[in-house]
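Number of protein chains: 2
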Amino acid sequence: MDVSFIGSGNLAWHLAPTLDNAGYTVKEVYSRNPKHSSALVGRLYQADVKATLDFSTSPSDIFIIAVADDVIQDIVREIILPEDSILVHTSGSQPLGVLGYAATPNIGVVYPLQTFSKAKKIDFKDTPIFIESDSDEVTQVLIKMGKLISNKVKKITSHDRKALHVAAVFASNFSNHMLTIAKEVADKNGLDFELLKPLIAETLNKSLAIDPKNAQTGPAKRGDLEILDNHIEFLQGEPEIVEIYKIISQHIINQSE
Amino acid sequence: MDVSFIGSGNLAWHLAPTLDNAGYTVKEVYSRNPKHSSALVGRLYQADVKATLDFSTSPSDIFIIAVADDVIQDIVREIILPEDSILVHTSGSQPLGVLGYAATPNIGVVYPLQTFSKAKKIDFKDTPIFIESDSDEVTQVLIKMGKLISNKVKKITSHDRKALHVAAVFASNFSNHMLTIAKEVADKNGLDFELLKPLIAETLNKSLAIDPKNAQTGPAKRGDLEILDNHIEFLQGEPEIVEIYKIISQHIINQSE
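Going line by line, the protein sequences match chains A and B. Here our numbering is used: the first residue of the first sequence is 1, the next is one more, and so on. Here our numbering is used: the first residue of the second sequence is 1, the next is one more, and so on.
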């Protein structure tokens with residue numbers, strides 16, 4: 001089967017070559033920024049840059065929208081698809097229905113639950129891929145595609161997909177942001193972030209092994225208010241970080257009681 | 001050298017047997033809760049439970065206080081030590097001076113930068129251990145002890161130790177708490193936390209490989225306010241979690257501008 005990508009961001013950057021290597025052929029890449037689509041085309045065997053959203057003469061069977069959520073609707077309104085083609089989006093939070101305006105009844109969602117950055121290679125094998133469609137036929141096509149690249153393909157509803165996305169924001173974006181702040185504190189005090197890496201690795205290993213709640217340690221968990229005050233004083237001059245420190249500590253304290 | 005532990009919490013639970021195996025002999029364990037000291041003694045070769053803080057006839061050379069920070073001062077006021085012994089604490093945030101009241105000039109700090117839970121075995125080899133003392137002799141004794149169990153032993157000031165501890169709270173306690181919330185969201189929606197584990201593992205690997213700030217992804221990083229509103233609506237009924245969601249997202253947005 002032939003595939004076209006609309007979007008050339010972090011997800012498309014990894015998903016398009018992975019499909020290419022799995023036996024699909026990525027034929028076209030569209031991006032608002034032609035530099036980005038050119039860069040992605042450079043990672044593919046037979047793809048061309050597509051300059052417009054008029055795909056009426058496209059050879060592709062599946063069109064994958066991999067753009068920021070707030071652009072999906074604009075794409076759907078503008079895109080022109082060949083007959084009998086399938087249109088999917090890859091968002092965690094957008095309902096299937098956001099594709100309802102498209103001039104095809106064959107719509108679906110392919111949501112890989114993973115964090116993608118261009119600078120870091122990703123192995124899709126362990127990445128859960130969630131499929132949604134109101135057509136059995138489309139569901140089968142998308143499950144088949146998912147299974148060619150991942151060992152963890154599941155059907156999911158729009159509601160559960162959104163719940164997973166919310167959970168993923170905490171599990172990935174927010175946990176990573178805590179590391180960003182940790183590095184800032186270290187940097188600001190002339191301390192090497194390397195020193196924190198064994199702690200970070202062990203935290204994660206433990207959390208996955210014995211459950212995050214059981215793995216919790218530290219002054220908030222122990223209810224050591226003196227240390228909390230002490231740290232807040234240390235962070236004075238950084239009101240945003242102080243507020244984050246306070247609110248998360250309070251939540252840990254509330255859950256430990 | 002012989003060692004006695006005051007405290008039998010998560011750190012002592014792992015540090016005492018590690019010292020025992022490294023050629024030190026742990027002779028005594030004191031805890032306010034005798035059940036806890038008995039349990040730790042059960043993990044050691046020759047140690048006895050110590051019922052009081054009168055160590056005047058103790059055979060030990062080094063006394064390691066491994067208790068919650070807010071109890072250290074009480075211990076220091078009460079403890080009676082044999083002559084020429086060394087008294088250390090293991091806290092990230094307490095200054096060396098908190099031991100100043102003790103009836104020995106030989107005081108120091110041994111701070112292992114790691115997260116300890118009884119249920120999870122720890123390898124000290126990669127755990128950075130930070131040493132502080134105002135005595136060169138004590139410093140040498142503590143560095144020697146540290147190097148027997150870890151490959152990363154460094155001298156550090158009280159200020160830098162506190163900075164590391166603050167950074168560690170974000171890097172470990174708070175990042176882990178984000179996983180706790182993620183699991184709660186998954187549980188509440190009947191979704192298996194297992195599904196999030198590949199994402200969590202990849203987030204960490206990427207963050208350590210390319211730097212947490214470069215590794216950041218997600219709706220806040222993209223400035224996708226519609227998704228943020230959408231998620232906040234999804235979380236309604238959980239005001240504490242909503243507040244955490246808002247404040248961290250805002251901080252990511254501010255840093256992405």
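No lab work stands behind these hints, which were simulated from the structure alone. In this text, all values refer to a predicted model and were calculated from it rather than measured experimentally. Any given hint could turn out to be false.
Copies of one chain are not kept apart here, so a pair can be met inside one copy or by any two copies together.
[As the list claims (entries may be wrong)] DSBU-like, lysine-lysine: derived pairs with alpha carbons at most 35 Å apart: (1) 183 to 27; (2) 183 to 144; (3) 27 to 213; (4) 27 to 188; (5) 197 to 144.
Verification of the hints:
1. Within a single copy, residue 183 and residue 27 get their C-alpha atoms no closer than 42 Å, and across copies no closer than 39 Å, so neither meets the 35 Å cut-off.
2. Taking CA atoms no more than 35 Å apart as the test, residue 183 paired with residue 144 passes between copies only; the shortest distance there is 29 Å, against 42 Å inside one copy.
3. Proximity of residue 27 to residue 213 under the C-alpha cut-off of 35 Å is restricted to the inter-copy arrangement: shortest distance 34 Å between copies versus 47 Å within a copy.
4. Proximity of residue 27 to residue 188 under the C-alpha cut-off of 35 Å is found in neither arrangement, the shortest distances being 48 Å within a copy and 42 Å between copies.
5. Only between protomers do residue 197 and residue 144 lie at most 35 Å apart by alpha-carbon distance; the minimum there is 23 Å, versus 39 Å within a single protomer.
In this structure, the hints that do not hold are numbers 1, 4, in rising order.
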